[in-house]
Amino acid sequence: MAKKKEDFDITKLPIEAQDPEIKAEDFVISDENKVVHEQKLQTKPTTFLRDSLKRFSKNKSSVVASIILGLLLLLSVVVPLADQSDVSVSHPEAVYLEPKLFNSGTGFWDGTKNFENIAVDISPDPEGIDKEANWWPNPERFERNAITKKVFTPETYTNQLSGYGKQGYLQTGYYNNIDDSKEFVEFKTQQMSVDFNVNVNHYVTEFDTYNEEKLEVIEGKDNAKLPENYVLGEAALYFNYIDGEEEKHSIEIIGYSSEHNIGSDVTSRATSKVNISSVIKSQSEQTVFEKCSFSIRIKNELKHENTCILLKKFSFATDSTDKAFKEQFLAPNFSDATECMRRESKIESAINYKYWSSTGTKQIYESKVVYCSFTYDSYEAKLGTKEWTSFPLTKLEEYRVKGWLDWNVDVDFEHGEFVLNLDTFAGEVKNPKKCPVAKDIAPEDVYVDPTNGDVFVDCMITFYKYYGYDSMPVYLFGTDKSGRDMLKYVFEGLRTSLLLGIATTLVCCIIGLIYGAVSGYYGGTVDLVMERITDILSGLPWIVVMTLVIIHMGSNFFTFALALCLTGWIGTAATTRTQFYRFRGREYVLASRTLGASDARLIRKHILPNAMGTIITAEVLMVPSVIFSEATISYLGLGLKNLSSLGVILSNNQSELTSNSYLLIFPSVIIALLMISFNLFGNGLRDAVNPSLKGEEE
Amino acid sequence: MLKYSIKRIILALITAFIILTLTFFLVKSLPPRGVVTSDDNVRYAFYVDQVNLGYVLDMPSEAKWLADEPLALVKFDNGVEHWFYQKPVLDQYFAWLGNIVTKWDWGRSTVLEPNSSAINIIFSRLPVSVSVNVIAVFVSVPLGIALGILAGLKKNTWIDHTISTLVMIFISIPSFVVITFMVYILAFKGGLLPTIWPTPDQSTQTKVLAYIIPVLSLSFGSVCGYTRFVRAELCEVMSSEYLLLARTKGLTKTQAITRHALRNAFVPILPSILAEFIGVFSGSMILENIYGIPGIGDLYIKALNQNNPDYNVLMVDMAIFITVGLLAGIILDLSYGFIDPRIRMGEKK
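Protein sequences, first through last, are from chains A and B.
For the first sequence, my numbering assigns the number -6 to the initial residue and increments by one for each residue that follows.
For the second sequence, my numbering assigns the number 18 to the initial residue and increments by one for each residue that follows.
One chain only, chain B, in its complex shape (with noise of 0.2 Å):
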């Protein structure tokens, strides 16, 4: 198990590794863009920075014969003209993990907070996306869990056609619309919460009922997901020969339900519940934009305005969504080998 574990995390790892240096090249090889700022301290300190990470070339006034197009042109205090240039992209590659390893610097912000650091901006904004999504997850997995079990109970009555059309009919509608009317209704009809997330300085009461919209509109997916899932696996395990034995050699139904139906049935949820809150550290892009919730979903998609894209930020926001991504799937995969050591995930035949 433990070989197998650390199999797995390498080989994450590797892929992690693989997919950050393709979007690095891929995200270099765009035109290049300088600082955007109308502060020129910010500006000079940016280059000067730029210049001892590694990225960039500065060359004095005179060597304006390079035939390349130069970064930017900053005239420092001292009247002196710098030419900065971009460095080869292999170059600057491994000044970015060098970067990394050696300071923990994954480049710095050109546009949302020009010149601090991209990974302090994304942490600064990580803990209301994992508040949201952390209350979401514990709402939405027991309700989900528990209409699942009653749908799979009840199969083929009047109960789980309800619940199966209702989880049919949400999974099917889009996200942003079910948001974007739940603020209609709940914020701007009926008046009872903020229509937008509250700004630091408001009340208490306000915070509190801002997360009710976010919560409610990330819930409905998820409960839709586990109560599918969990009528699925009940249902399985329900038609098996083992629970039959169980009735047969006298158990209730309840204790052949608690004891053999639900503990089975729960060996493939389980791992899924792990992995969702692994889920927790990658922000909703889109509730965050559409209910202007600070989290890096919504710095995401700020970053990526296609007017002034702010590359680094991108990169770091990209770096997590994929990291927690391969996490999520490693303790999937893993957590179904202890839950049933008989199962080995992803591994040979």
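Chain A on its own, in the form it takes in the complex (with noise of 0.2 Å):
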């Protein structure tokens, strides 16, 4: 209410305002008739949080990140509930499943993967127009109908023995720093076991090896060249033999060069091959020998350098009609030095019979190999058509009960039973959305096991039909080593991640909050013993506490968030002792306190809801903290071993990183966009609740 004007007396003023030279008349009263009311404020009334979040939205990065986290959050709930397949158990039929989010062909996250450079079989028709179309890599590895968009390289050259080789030089010899009494090295063939007798022609028909020049003028190629830091030495072939008095003897049968040309063209090998016999006839009075084997030594004027000879042909003759005999002394004989290393280094493994056997080195040279890059689908791999050999009839029953599959059978009018005629056997799918077997079975496909009279047939089966999917199933992230679908498994992981990260969290907050308040409010010696108390305690590094609570109590859900519990709380507790000695001096406690509100009070009312901000804030920041050291643990193998945290699946799939990436990648990508969503998220909270802190720690 404005004041009447007959209250105004200038003698009422202080003695300094009383001014002579001003008089009452001077003063004009304005607005004298107006009444003025007291007013509603102009601007909408705002509470702390209301601000807090109006301040949070301004901050576009922390707005982006927590609609991240929500939708993270959304998905660890949402995923594991719809996605219906099973993670507890393994599914053996769709491991290793790539990531498929496009059809296949699109070439990424396709459910394909590309191999690049795999050798391939080039026997199958190496001259037809259509050759290429009969190559395959190794059927083991890869199935011939998930192959698509072959790209062959041409004939090249390897020092890898591979399967599909052939030709090249056998190089054996030695690395340096061998003895000079051990100047030579021995390429030898197993002891026979068979008498070796002489009176009976045997030759060295084949014996090819190879020396610089002639590698070059050969070969022809540009790159015709020595192995890397090897030279060429010489060789001799010897013949070993143990005489009656157990005592060593050899015999040279073609001496020491660093070039031997028997029989490497065809027409002169008749002219050029060795009678071995003649020699040995010639140098020994023996003519039967046992415990015998022939040897090719290398050896190197130039001592202690890496020596090498190449070999490319060898192979015995003989004119003995025996047969054990012959089996033995032309086992050695190979014209495909290739195919020599394969059949000794068990990649045929039919045959585990070392025919040669080396002192030094031994490996194969510039072999002939041709390439192969394709793109492999994994789902038409694991899941596809393909043709299964010996397909049981009892299973196809089992279809054509179901009216999948239908077959003829001719009934035996005499015993009144059906009869299955094998050789007008005609199998027709009556169903084909649901019937495995993808194409109708001819008579000649079926037939009988002769020792119990099974019946089998050969067939092409869509094996997602035949596990029980009812179409080609689509994993968004693939799958594991043990079929587990890593979409479901990933947020299963995630969920896991964040109970831990937000129950930890919590029982952190309230022992924090309660010790902090504590220490802090009444400070003194209740402080320094406290403080003293927590610096123990944080003085203890948590991989050493969580390790010692594991040892003790073993690995599960509450002993590894009790671990992370143990020394979880000093943050909290620090935070809000500081807090508490910030606010508990101010006047509001003080006046509080003389109106005689009890300590409980003070805390409650009056300091805590200041420290709250700050207090939240360092809270959410705990979250990812935990998750973090949860999986750092777990991934290096100490932490939760039945759950399947993210750090628990990243742990697992370690191994797998250079064969199947993409096990790592997703979760990977998920824990770090957790992380970094949280983190933003935090700091934008902390900025809104506490803009005094801005950018000082961002």
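Do not take every clue at face value.
To be verified - List of simulated lysine-lysine pairs, DSBU-like, C-alpha gap at most 35 Å:
{"id": "1", "chain 1": "A", "residue 1": "LYS124", "chain 2": "B", "residue 2": "LYS206"}
{"id": "2", "chain 1": "A", "residue 1": "LYS47", "chain 2": "B", "residue 2": "LYS171"}
{"id": "3", "chain 1": "A", "residue 1": "LYS106", "chain 2": "B", "residue 2": "LYS206"}
{"id": "4", "chain 1": "A", "residue 1": "LYS427", "chain 2": "A", "residue 2": "LYS106"}
{"id": "5", "chain 1": "A", "residue 1": "LYS53", "chain 2": "B", "residue 2": "LYS270"}
{"id": "6", "chain 1": "A", "residue 1": "LYS241", "chain 2": "A", "residue 2": "LYS284"}
{"id": "7", "chain 1": "B", "residue 1": "LYS171", "chain 2": "A", "residue 2": "LYS53"}
{"id": "8", "chain 1": "B", "residue 1": "LYS224", "chain 2": "A", "residue 2": "LYS106"}
{"id": "9", "chain 1": "A", "residue 1": "LYS292", "chain 2": "B", "residue 2": "LYS224"}
{"id": "10", "chain 1": "A", "residue 1": "LYS37", "chain 2": "B", "residue 2": "LYS172"}
{"id": "11", "chain 1": "A", "residue 1": "LYS355", "chain 2": "B", "residue 2": "LYS206"}
{"id": "12", "chain 1": "A", "residue 1": "LYS142", "chain 2": "B", "residue 2": "LYS206"}
{"id": "13", "chain 1": "A", "residue 1": "LYS51", "chain 2": "A", "residue 2": "LYS37"}
{"id": "14", "chain 1": "A", "residue 1": "LYS143", "chain 2": "B", "residue 2": "LYS206"}
{"id": "15", "chain 1": "B", "residue 1": "LYS206", "chain 2": "A", "residue 2": "LYS379"}
{"id": "16", "chain 1": "B", "residue 1": "LYS171", "chain 2": "B", "residue 2": "LYS270"}
{"id": "17", "chain 1": "B", "residue 1": "LYS319", "chain 2": "A", "residue 2": "LYS474"}
{"id": "18", "chain 1": "A", "residue 1": "LYS361", "chain 2": "A", "residue 2": "LYS159"}
{"id": "19", "chain 1": "B", "residue 1": "LYS270", "chain 2": "A", "residue 2": "LYS51"}
{"id": "20", "chain 1": "A", "residue 1": "LYS51", "chain 2": "B", "residue 2": "LYS224"}
{"id": "21", "chain 1": "B", "residue 1": "LYS172", "chain 2": "A", "residue 2": "LYS51"}
{"id": "22", "chain 1": "B", "residue 1": "LYS319", "chain 2": "A", "residue 2": "LYS53"}
{"id": "23", "chain 1": "A", "residue 1": "LYS159", "chain 2": "A", "residue 2": "LYS106"}
{"id": "24", "chain 1": "A", "residue 1": "LYS355", "chain 2": "A", "residue 2": "LYS388"}
{"id": "25", "chain 1": "B", "residue 1": "LYS224", "chain 2": "A", "residue 2": "LYS355"}
{"id": "26", "chain 1": "B", "residue 1": "LYS172", "chain 2": "A", "residue 2": "LYS47"}
{"id": "27", "chain 1": "B", "residue 1": "LYS206", "chain 2": "B", "residue 2": "LYS319"}
{"id": "28", "chain 1": "A", "residue 1": "LYS474", "chain 2": "B", "residue 2": "LYS270"}
{"id": "29", "chain 1": "A", "residue 1": "LYS124", "chain 2": "A", "residue 2": "LYS379"}
{"id": "30", "chain 1": "A", "residue 1": "LYS159", "chain 2": "B", "residue 2": "LYS206"}
{"id": "31", "chain 1": "A", "residue 1": "LYS316", "chain 2": "A", "residue 2": "LYS361"}
{"id": "32", "chain 1": "A", "residue 1": "LYS361", "chain 2": "B", "residue 2": "LYS270"}
It should be emphasised that the hints constitute simulated quantities derived from the structure, not laboratory data.
Given two chains presented individually in distinct reference frames, assemble the corresponding complex, making use of the accompanying hints.
In structure tokens:
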């Protein structure tokens, strides 16, 4: 209310205002007749929370982060519920399916994988017009129906032993640091267990080693050169035997030379062959030898160098007709060095007899191979339509009962039975949507196992139908080594991680709040003692505490959470303590205390609400750090075993980084996204709640 | 200052002592484990040493009446059966303290290198960890400071935003993810670097190249940390009144920054750099485990193997981590005082 005019009296003004120069008449009362009421606030009243929210929403990156975070939270709940696949059991039929989002053939995230430089088998039809269509990589590794976009390289040379390589040289020799006394290496055949009789003629028909010039001339290729870090040595062929007094003897059959051309071309083979029998006869009285073997010795005039020889072909021939002898004597023959290496390195596992063994090194050099690069559809390979040889008829009966498939049967009127006539068998697919059999079955595909009379069929089977899927399954994140759907597995892991993070943070928050409040509010001796306790506890590295708890109490969700809580609350306690120190001396607290408020009321009603903003943001930032700790310790293999947290998933798939990197990429991306968005969200929240801190430790 | 320093060191020693005592009792409360070895001679030697060191009682075979489960039954070469029993934990504790003080024997390894002194195993592995860490510190500290200064001086420009965003991202991604993918991309796909820490007999070139991934992965985190720290400090100093005064006095911007802003900003940064140098003595468990570096972090993980834990090695490894942590804390607090005598960290008001 405005004062009335009469009330104004200059004499009542303070003495210094009573300026005689200023008369009462000088004063004009403005707005004399205006009634001024108390006005409502023009701006909307705002709460602390709303104000913070406004500040928060101005920070764009934090808003984006909180949306991503919300999305992750939602997915961690929805995906495990919506995805019906069971991740607790293994699905052996669907292991290692690549992640698939788009149709196969799009080249990205389509369930295919590109393989490069895989050796292919070029033996079928090497000269035909459409020969490449028949060239396939190892069928044990790669299903043919899943291979598309084959691109062949021209014949190249490799020093790696491959199942489909051919020719090349057998490189045998030694590394340096061989003593002078041991200046040769032996490349020898196995000791023969049958007698070697030199009264019959035996020959060396092929002994083809290469020196540097010959390599270049014959190969005619630009990069014909010696194996790296080696020099070519000289080779000689020796015959070794042990006589009756157990003494070792050696007879030189062919002398040292850097190059042997025996039988290098077919026409001269008959003339250049070496008669072993006559050489031995000229040097030894003995004509029948037991325990004998042949060896190629290698030497180099320059000692202490890496020396090798390149052996292209080697073969013996004999006039003997003894079958057992011939088998053993001719076994070391080879005209294809790659094939020789292969049979000794057990790539062809059926043969495990070592024909040649070396006291030095032995490897393949410049083996010829054709490589192929192709796109491999893992879904087609595992669950597509493939031929199944010997599919049991009993299984087909099941389909027939369901009406998916039918075949003709003859009726035996005499016994009143249905008889299966294999000669006219014609299986017809009735329900192509359900029936795993993809093609009608012809009579020639059916046969009987003579041992027990079971009937088998060779037929085309669509595997996903066979395993009971309605359609070809699609795994967004792929599947792991036990066929688990990674999508569900990863989001279940995310849920576990989040649960652990939030539960631990809550517990830590409660403990830390009480501890910090007591220590900060009372101060003095109480504070001093409590601070020393936290000092000691925080001196323990968390990994130490965690491992001790896990060793003591085993590894499950609760012990894990407990271990994280044991030292986790210290941070909260410190924050709370600082905040309490800050606010406990404020005037309003003092005022309340004078009015007789109890300690509990002061803490609850006056200090805590003021400190809450800072404490809550600290807690929000604690969740990602807990998840981080859990993931780290699980990744090291010390953490949760039975539950699937993100860290455990990453830890389990650690070894598949090179072969199936998607198993690590997806969980890593999720955990990185979670961390980034949680941190951005927490920082935004802190800036919003406590604007004075902004930018300090962004 | 001297009095304060001595006080801090004594306090830290007491804390370390308490923590080690606590861990000793915690570890001893686990089910005891004997030596794991296939070599009988080592087994005999281990138990004989344990008796001599005062942890174990040697009972002749007729003393089987003891109620407790024996730690081990060992039949010696001469055919005499010896039953070994654990002494009470308190006895073991005092024996342990005595052995540390008199013989510098921190316990014997039971699994990793049976019956060799745990502290020697640690010391044999320490150089590798230290060498990797030292290089990482020398790479990351200058880089982090440079980026931090750049971001702080160009505050709220695109440079600052880019650096801050990258820092945010790299600090959020767990280090094991970074290391794993670094190994994948640089070593497996690129083929430039060794995929795993080389054995001693490999060439010098491989050995040098093998440092790249560990140093990079260790640097990522600390570069981010320093960038953030330096930027925050510099921003705070840049908005202070004395800098304004310096500019009003007529100093150029460069002069004001180098003589006033940076010097003041570095008061809290230098101590943390010193502490970082102490930190080189502790290995990085994750990195060493993934990259196969035979340092003490890797040793810790191996000693912690849940099927076959090696408690004594674990204890010494923990002791190293604890000591390094406390020492870094002291250095941090004391160097504050040296750099800015007004500050007495951790002292009463």
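Hint check:
{"no.": "1", "hint": "A:LYS124 x B:LYS206", "verdict": "33 Å, holds"}
{"no.": "2", "hint": "A:LYS47 x B:LYS171", "verdict": "27 Å, holds"}
{"no.": "3", "hint": "A:LYS106 x B:LYS206", "verdict": "15 Å, holds"}
{"no.": "4", "hint": "A:LYS427 x A:LYS106", "verdict": "29 Å, holds"}
{"no.": "5", "hint": "A:LYS53 x B:LYS270", "verdict": "32 Å, holds"}
{"no.": "6", "hint": "A:LYS241 x A:LYS284", "verdict": "10 Å, holds"}
{"no.": "7", "hint": "B:LYS171 x A:LYS53", "verdict": "20 Å, holds"}
{"no.": "8", "hint": "B:LYS224 x A:LYS106", "verdict": "34 Å, holds"}
{"no.": "9", "hint": "A:LYS292 x B:LYS224", "verdict": "34 Å, holds"}
{"no.": "10", "hint": "A:LYS37 x B:LYS172", "verdict": "34 Å, holds"}
{"no.": "11", "hint": "A:LYS355 x B:LYS206", "verdict": "29 Å, holds"}
{"no.": "12", "hint": "A:LYS142 x B:LYS206", "verdict": "22 Å, holds"}
{"no.": "13", "hint": "A:LYS51 x A:LYS37", "verdict": "19 Å, holds"}
{"no.": "14", "hint": "A:LYS143 x B:LYS206", "verdict": "22 Å, holds"}
{"no.": "15", "hint": "B:LYS206 x A:LYS379", "verdict": "33 Å, holds"}
{"no.": "16", "hint": "B:LYS171 x B:LYS270", "verdict": "13 Å, holds"}
{"no.": "17", "hint": "B:LYS319 x A:LYS474", "verdict": "26 Å, holds"}
{"no.": "18", "hint": "A:LYS361 x A:LYS159", "verdict": "5 Å, holds"}
{"no.": "19", "hint": "B:LYS270 x A:LYS51", "verdict": "32 Å, holds"}
{"no.": "20", "hint": "A:LYS51 x B:LYS224", "verdict": "51 Å, violated"}
{"no.": "21", "hint": "B:LYS172 x A:LYS51", "verdict": "19 Å, holds"}
{"no.": "22", "hint": "B:LYS319 x A:LYS53", "verdict": "45 Å, violated"}
{"no.": "23", "hint": "A:LYS159 x A:LYS106", "verdict": "28 Å, holds"}
{"no.": "24", "hint": "A:LYS355 x A:LYS388", "verdict": "50 Å, violated"}
{"no.": "25", "hint": "B:LYS224 x A:LYS355", "verdict": "28 Å, holds"}
{"no.": "26", "hint": "B:LYS172 x A:LYS47", "verdict": "24 Å, holds"}
{"no.": "27", "hint": "B:LYS206 x B:LYS319", "verdict": "29 Å, holds"}
{"no.": "28", "hint": "A:LYS474 x B:LYS270", "verdict": "62 Å, violated"}
{"no.": "29", "hint": "A:LYS124 x A:LYS379", "verdict": "22 Å, holds"}
{"no.": "30", "hint": "A:LYS159 x B:LYS206", "verdict": "29 Å, holds"}
{"no.": "31", "hint": "A:LYS316 x A:LYS361", "verdict": "34 Å, holds"}
{"no.": "32", "hint": "A:LYS361 x B:LYS270", "verdict": "70 Å, violated"}
Of the numbered hints listed earlier, those contradicted by the structure are 20, 22, 24, 28, 32.
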